[in-house]
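Read off the chains here:
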Amino acid sequence: MLAGAGFLSIPFDIPPYRLSGAVYGALLNHRSALAALGEAANRPPYNAPPKAPVLYIKPRNTLALPGDIVRIPAGTPELEVGACVGVVIGRTACRVAESRALDYAAGYLIVADVSVPHANYHRPSIRFKARDGYCPLGPKVTARAAVANPDALTIRIFVDDLLVQSASTADLIRPAARLLAEVTEFMTLVPGDVLALGAAGPAPRVRAGQMARIEIDGLGSLSNRFMDAVP
Amino acid sequence: MMRARVAYAGAIHDASPATLPAPMSSAPASPAQEAVRLADGRVVAAEDVVWLPPFEVGTVVALGLNYADHAKELAIKHQEEPLVFLKGPGTLLGHRGMTRRPAGVKFMHYECELAVIIGRPAKQVARSQAMQHVAGYCVANDYAIRDYLENWYRPNLRVKNRDGGTVLGPWFVDAADVEDPAALNLRTFVNGKLCQQGNTRDLIFDIPFLVEYLSSFMTLSPGDVILTGTPEGVVNVMAGDVVTCEIDGLGRLVNTIAADDEFGR
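Protein chains in written order, with this note's numbering: chain Y, 1 to 231; chain W, 1001 to 1265.
These are calculated hints, taken from the structure and not from any lab test. It cannot be assumed that every hint is accurate.
[What the hints assert, rightly or not] The list that follows gives simulated cross-link-like pairs (lysine to aspartate or glutamate, DMTMM-like), each with its CA atoms no further than 25 Å apart:
| hint | chain 1 | residue 1 | chain 2 | residue 2 |
| --- | --- | --- | --- | --- |
| 1 | Y | 51 | W | 1163 |
| 2 | W | 1106 | Y | 132 |
| 3 | W | 1193 | W | 1232 |
| 4 | Y | 51 | Y | 13 |
| 5 | W | 1123 | Y | 132 |
[What the hints assert, rightly or not] Now the stretches of chain W that chain Y is said to cover, found in silico as 3 or more residues with beta-carbon under 8 Å:
| hint | stretch |
| --- | --- |
| 6 | 1057-1063 |
| 7 | 1081-1095 |
| 8 | 1147-1155 |
| 9 | 1216-1222 |
| 10 | 1230-1243 |
Just so we're clear, the structure is a prediction, and the values are computed from it rather than from any experiment. Every residue, glycine too, gets a C-beta built ideally from N, C-alpha and C.
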């Protein structure tokens, strides 16, 4: 089996029935994440806060399931867990209008955007964000119809059952519909693609031996244990 | 061996290079016509098929600033670690395709690159073993629109991951048929005029390094592809321009720039 191909087993009983494996995420799309940078966003190397959505890709080797162990590389004391709502695309979305954008969603799921902490966002951080198993998602796809308002979902992260962060999608800089509209202006999303809406900041950190659990209203919970890499 | 994937008469086919006799109407000395031979034996003119990326593409890893001259052209200082970014499946396009130039942008450019295709899973592979994980090569043209550059995860997806902005083909060429991938000339022609030239010997981070580096933190799987970066000589292209990227032994990858109205905008 290909690295990361386990994502195909995420239960999904509405069209398109399976994820495509393409997962995109929005960096700094939660007010708290941008606020955590403070004045630094106006200084070099950035010089100004982002104008367009700042996107990243979680490639197929990163995709993992609930319960999978996330490995911490040698020399890294802890990892960051960005807890996101992921929109699962239901029909091909190209240049969708914000007012109709959510019609293109099949549903939603929890995405854990795991990273090696990095203070500098100037260059794409593949070595920090695209490591094997650094994008657990699931536990299921919840149909769009079952989520009354994707812009009012509470996201909670627990580390070893202790609540370490609580945030709401109400504080996204670009809510789901607006982000979909801006992203599909230049890149078409197809059924089964996932767009993670962005994590609150500063992201909680997790050490080896700890368990991170993300709970999102109506989407269930996603738990993964963090362990040191096997040499 | 050179292989393409083409759509023809209702199906997708594996295809190999072929020629057809010159059409009857042309002058007696006309060269044979470029064509493809489908797996089922049919020989079809190159312009009568739709060319797809020549293999099932997995993760697309791209290098920025990986030729010393191009880095200098963009006034970038020495790097200790390669500048690597990822691209999604929606940006892929085959030979003889069309790439949109949005109205109003000032600087859209091609980037001719050697694409290295992974054949065997690669996890923590040492440099000395790296080439055993390479299945083959193709030509890539990795477009960028510099107007959209911002200093956040730069170059970001709006610059580098646009629909139709990553052109691959025409052929997948087996690694065994490329004698020295570190000594290939790259050339880009715009409307027939030579605009970009380089040689893969000038890569800052070479192929074995890249396989070792990437596989140290991400498992590479068959079909994953590394776009190794572009040399100097990128120029602005306009709607109607025909951009041809060529690499020794791998073929010529043709793309046409189109305006918004072609895309109903």
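Using C-beta distances, would you say chain Y covers the stretch 1057-1063 of chain W, given that this needs three or more residues below 8 Å? Holds, because 3 residues of the stretch 1057-1063 of chain W bring their Cβ atoms closer than 8 Å to Cβ atoms of chain Y.
Given pair status - residue 132 of chain Y, residue 1123 of chain W, alpha carbons within 25 Å: This hinted pair holds, its Cα atoms lying about 10 Å apart.
Distance restraint between residue 1106 of chain W and residue 132 of chain Y, which requires alpha-carbon spacing of 25 Å or less: Judged against 25 Å, a Cα distance of about 38 Å means the pair is violated.
Is the coverage entry for the stretch 1216-1222 of chain W by chain Y consistent with the three-residue Cβ rule at 8 Å? holds (count 6)
Using C-beta distances, would you say chain Y covers the stretch 1230-1243 of chain W, given that this needs three or more residues below 8 Å? violated (count 0)
Given hint residue 1163 of chain W paired with residue 51 of chain Y - CA-CA distance at most 25 Å: Holds, at roughly 20 Å.
Would you check chain Y against the stretch 1081-1095 of chain W, counting CB to CB pairs closer than 8 Å, and say if three or more residues qualify? holds (count 10)
Is residue 1193 of chain W close enough to residue 1232 of chain W, meaning Cα to Cα at most 25 Å? Answer holds: residue 1193 of chain W to residue 1232 of chain W is near 15 Å, not above 25 Å.
With the threshold set at 25 Å, check whether the alpha-carbon distance from residue 51 of chain Y to residue 13 of chain Y stays at or below it. Given pair residue 51 of chain Y, residue 13 of chain Y is violated - Cα atoms ~37 Å apart, limit 25 Å.
Examine the stretch 1147-1155 of chain W for residues whose CB is less than 8 Å from any CB of chain Y, and state whether their number is three or more. Answer holds; 7 residues pass the 8 Å Cβ test.
Violation of the numbered hints given earlier is confined to hints 2, 4, 10; the remaining hints are satisfied by the structure.
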